[in-house]
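Can you build the whole structure from these sequences, using the hints too?
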Amino acid sequence: MSDKTLNEQPTPRQIGVPAMSLIVLVGVSGSGKSTFARKHFHPTQVISSDFCRGLVADDENDQSATPDAFDVLHYIVGTRLRRGLLTVVDATSVQFQARQQLVELAKAHNVLVDAIVLDVPEEVAIERNSTRPDRDFGPHVITRQRKDLRRSLGKISRDGFRRVHVLRGDEIDNVTITLEPAWTDLKHLTGPFDIIGDVHGCAAELETLLTTLGYVDGRHPQGRTAVFVGDLVDRGPDTPGVLRRVMGMVEAGTALCVCGNHEQKLVRALNGRKVRVAHGLEESLTQLAEADPAFVAAAKTFMDGLISHYQLDDGKLVVAHAGLKEPFHGRASARVRAFALYGDTTGETDEYGLPVRYPWAEDYRGRAMVVYGHTPTTEPEWINNTICLDTGVVFGGRLTALRYPERELISVPAERVWYEPTRPLAPARQRDPAALDIGDVRGNRFVETRFAGTIRVREENAAAALEIMSRFAVDPRWLVYLPPTMAPPETSQLDGYLEHPAEAFAEFAAAGVTRVVCEEKHMGSRAVAVLARTPEAAEKRFGVADGSTGMVYTRTGRPFFDTLTTELVDGLRAAVAPLWAELGTDWLVLDGELLPWSAKAESLIRSQYASVGAAARTALPEVVTALEAAAGRGLDVGLTLDRARRRLDNAARFRDAYARYCWPVSGLEGVRFAPFQILAAEGRATAVRHPHDWHLDQLARIDAPLVQPTRHVYVDLGSVESRQHAVDWWEELTSAGGEGMVVKPVERPEGRVQPGVKVRGREYLRIIYGPDYTESLDVLRRRFLGRKRSLALREHALGLEALARLADGEPLWRVHEPVFAVLAMESEPVDPRL
Amino acid sequence: MLLTISTTHRPATDLGFLLHKHPDKVQEFSQSFGTAQVFYPEAGDERCTAALLLDVDPIRLVRSRGASSPDFSLGQYVNDRPYAASSLLASAMAEVFRTARAGRCAARPELPEQAIPLEISLPALPCRHGGVELAHRLFEPLGWQVEAAAVPLDEGFPEWGNSRYVRLTLRGEVRLADALNHLYVLLPVLDDAKHYWVASDEVDKLIRAGEGWLAAHPDRGLITRRYLNRRTALTRAALARLAEVGDDLEDALEPPVEEETAEATPDGEAAEGSGGEPTGESDRPTPLNVLRREAVLAALDDVGARTVIDLGCGSGQLVNALLANKTITKIAGVDVSAHALTLAARKLKLDRMSDARRARLDLFQGSLTYGDSRFAGYDAAVLMEVVEHLDPPRLPALERVVFGGAKPGHVIVTTPNAEYNVRYETLTGMRHPDHRFEWTRAEFRHWAAAVAARYGYQVDYRPVGEDDPELGPPTQMAIFTAGGGDV
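Heads up: the protein sequence lines correspond to chains A and B, in order. Read in order, the letters of the first sequence are residues 1 to 834 in the numbering used here. Read in order, the letters of the second sequence are residues 835 to 1321 in the numbering used here.
Keep in mind that the hints were calculated from the coordinates and are not lab data. As the structure is a computational prediction, the values presented were derived from the model and not from experiment. Among the hints, erroneous ones may be present.
[What the hints assert, rightly or not] Cβ-to-Cβ under 10 Å is the rule here; a few derived chain B residues that face chain A: (1) Thr-883; (2) Trp-1047; (3) Ala-1172.
[Claimed, not checked] Cβ-Cβ distance ranges computed for the label pairs, FRET-style: (4) A:Glu-362 to B:Gly-1211: 15 to 25 Å; (5) A:Val-417 to B:Thr-1161: 43 to 53 Å; (6) B:Arg-1054 to A:Glu-731: 57 to 67 Å; (7) A:Arg-365 to B:Gly-1211: 14 to 24 Å; (8) B:Gly-1211 to A:Glu-127: 52 to 62 Å; (9) A:Ala-574 to B:Ser-1207: 55 to 65 Å; (10) A:Gly-84 to B:Gly-1211: 23 to 33 Å.
[What the hints assert, rightly or not] Okay, the calculated bits of chain B under chain A, using three or more residues with CB under 8 Å as the criterion: (11) 857-871; (12) 1245-1256.
Cβ atoms here follow ideal geometry from the backbone N, Cα and C, with glycine treated the same way.
Encoded structure:
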């Protein structure tokens, strides 16, 4: 081999490697690879074969462990590359096969791979090894490795490396390595952007669109940046005009452009390669033939330099001509480029001879918004945070732009049909909005919320929720929210009380809350009502196209009634009519209680509560009689008799407590819904945005027999009188048999403050703690609220997250994720009496 | 809870000797769940009454046992145990009257051998699944005159009907030891619940307490089964937390897994569980679930399936049959219920299965309404008695997941034929409480044809079980084949 093939440069030498890549160090044992790696990279970035040998054999020099060690090495390297981490392999890699495996690994993960060869003289390596007592192999090993290396150096550049950097002598010690960001990485650009769909030579429409967007001669006065999704050329009347405009903007820094499949093919044609002249290529070639050759040369260079996709705005936005699945974001390989330019094709063709495309967007679960073109549709449609902007202007459709981050669509109509479409322009593939994937909910999950950071869902809880969700819950399209659990306040020490408003007020005051609202706790079952004004609104917002207009479900997502749901929904839709216009929405999600409790829970009341009451009221009188007889005989049963008489009285109170929740219901006759919060409406998660007084004021507009108002009082926590007034109100409510009240900060507080606490009445608590709980208050006061309160905070944050996602128009699976998480949390073991 | 034992034996106060409790004393016995007291409301020569009063502290019960107790109600503060005569009372009685139950009396050795006139009262005896009638059925063969009155649930809500409690008085000439043993066994049997885990030594206890009477009891089968009742509590406890007010707890927690078990039980007891499918004549025809499984296996054989996924595998009966067939090289069992999978793993003896067999099998939790790549790649998918457990609005999701996503070469679906239900005389409503619908033949075919058209399948139908000329078979089956072609 000759050194001429290798570029020797004077020291100090500088080499650049891609910031996200695999770097393979090549050199004989003793060439100083580990020292070199330590000097230039973080320890965790370097994976050495010695280290892996140690992992699998407890001995870094056990050569018999080498195959296993490399299995481990490849696994670690593969995992790091999948996760997008720069990785350096420290092994001799002097043989072609060893390098080949690593190159293939990099390609499998669509990352670039560089080699850095440390070419040291044999004597130096042998000398270094002889000073290391752990390297007990003889000099012949080095000699053999050296031979392999010399043989490799001639053709290593053909191994598939992006670049091979050969370092010799002083270079090894003096080289500096710089990390070069990927070409696709424009994460530092934050926009705002105007992303423009396929132009296809429609220069006039492009000018109109740019003007509509506010551009003046290719520049936006507010500094917005245009981003073209590619396919500027072909088919249309003025490809040169479009290129001139876009090239000018890109050069001026007011636009970006990714490569479309038509640019790719046009460049090949202009380069004189043999291509089939079809799909409008002919128009471009004809138009360019008449253009200034210097411009054509510049255009060719411009198009040739277009890259596959861009990552923008901190990675939150990805623009690629035909879209890009998440594992390909920011990656570089022929596969990535093919996907970005042509999409995910199935390899089949349709009846028009055009490729059938795999609907990758339906499976897309990435965080980044992906904006693309390529497939003409009549109407741009969001699918899982992706959108196609090709509205077929050249076929007589429209030219469309998306304003980012506003998510606003702007389009201008085609001036005429410039090119007859091969297949008719169709609406976007009929997507199924109910498509959820097991991967959306299964296993240990970390749900990101805007109000409480990342919330963990444990695998076993998710498994339990999967069954409940699948077997019992309503259609997930309606299930846009589940109410959080609510904790009681600290336990009261007041004689005869387990819970009292004083602790609730003290708790909120200590958290810095100044004003709370006390809302009557209705004697019913928690219910969420999802209502659409019309079947059309239901279809548009919730994707339910069977003509139904809403759903009412329980706190675990079950329907309330089998056959009465439609009637109930219709009744509620009529009742909330004043709110449609007032809130400017044609759908609403309401949080409330459905009364009476017996409407839903009659079988439970009968099997549990009434049964206990029946047993008590049958047994206790006989106990009293028997004890009275014994006492009459002069036996000392006084204390037992007293207790039996008290228990008889408790049993009667217990019976009254549950009986208050029961009234006969026939059909919907007797059923009432008591809303206390408007969770969401078009364009806004009202639960997030508005304080509780707003909600109660809005709900007060409803005047219908089906809807029961929620009585409430506001409390100024700074005022003793105001607090006392609320305590009196609570006493009055609960002594009349009321369940109690919920105390909530009027304004949504920051930080770890409970969104509300429930203060339950003395008699009502018999239903919870048993008829005789008042006999055991001292024991019951030892209850532990921490878990419940933590759960309440997490579930509340998840609920708000679901509502915010719903209001933002995010896809079903994104809304479903936090809703499912709430259900999963509910399977955590927490004292159910709290 | 209260138990009174009276006698008119002369002198009646002999009862004190028999019970080893002095009629003029009030004695207290501490129990793990409360306090037992024995006292005598009356103690004359003509009539003497001993009372056992058990004061159960429900809060102590909950705190000491928690929600994982075998008797679900013990995890509740709102609990009938402080008032009802349950296994707690039986245990306390056994302990407090240990000597009497053993039939020993040191002071008057001849007394325990005598049958004496006894009157035993239990004001609130829970009689689950049987009520007053069951009380008669169980006590009368033992020589008792039974007076049993049902206790109404709530006088304020007469439409609610009777509670499960019975006010029971037993009268008869019986040896006291026998009487106590009758109660010891039959109280938990009537309640159909125990406050402790049933372990193997419980069999010995039953044999001992039942000596001399149980073997001859016409209902010994029922008594034994109920006495040794065993409950799987852990999954139930998790689900119970999720199960909410308003659902019939028993039904909601009963996983469809147990459907087959209910069907397989030929007579008697089956009726007391779910609405189990009746099984007809006395010559015991092959149970429907067996016929169904055989029909599915035959269909799989006909389509030449080598790899099969059983969607909704329940306790794994079909999976087990598939494992036995060596030509099936890959089998997956999927269920949405983690409890069902645990059960299946146990029944299939997964932990002891040979590596070769184990390698053919994959059991995992999955839901038919969530797309799942693990469902793909099988020759055939089986949906045996599954679709009817889904709410109709969720069926399109199942169709998309199975026919659109997993895309097996064949899909075999079985479901009840609603028309046939009139043949089940005792059946009211649907065949299982969890069924969301049951289709007629026309409805089933309408659905199947639409699915086949939508997803590019061809569909054939077969009857399962006796094909009634008017009503069709009890179970209907559809065999879908991708891309058409003949089955």
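Here's how the hints hold up against the structure:
1. Thr-883: holds (8 Å)
2. Trp-1047: violated (27 Å)
3. Ala-1172: OK, holds: Ala-1172 of chain B within 10 Å of chain A, min 5 Å.
4. A:Glu-362 to B:Gly-1211: 15 to 25 Å: holds (20 Å)
5. A:Val-417 to B:Thr-1161: 43 to 53 Å: For Val-417 of chain A and Thr-1161 of chain B the Cβ distance comes to about 60 Å; the hint is violated.
6. B:Arg-1054 to A:Glu-731: 57 to 67 Å: Holds, since Arg-1054 of chain B and Glu-731 of chain A (Cβ atoms, about 59 Å apart) stay within the stated range.
7. A:Arg-365 to B:Gly-1211: 14 to 24 Å: holds (21 Å)
8. B:Gly-1211 to A:Glu-127: 52 to 62 Å: holds (57 Å)
9. A:Ala-574 to B:Ser-1207: 55 to 65 Å: Between Ala-574 of chain A and Ser-1207 of chain B, where Cβ atoms are some 45 Å apart, the hint is violated.
10. A:Gly-84 to B:Gly-1211: 23 to 33 Å: This hint holds: roughly 29 Å between Cβ atoms.
11. 857-871: holds (count 4)
12. 1245-1256: Violated: only 0 residues of the region 1245-1256 of chain B have a Cβ under 8 Å from chain A.
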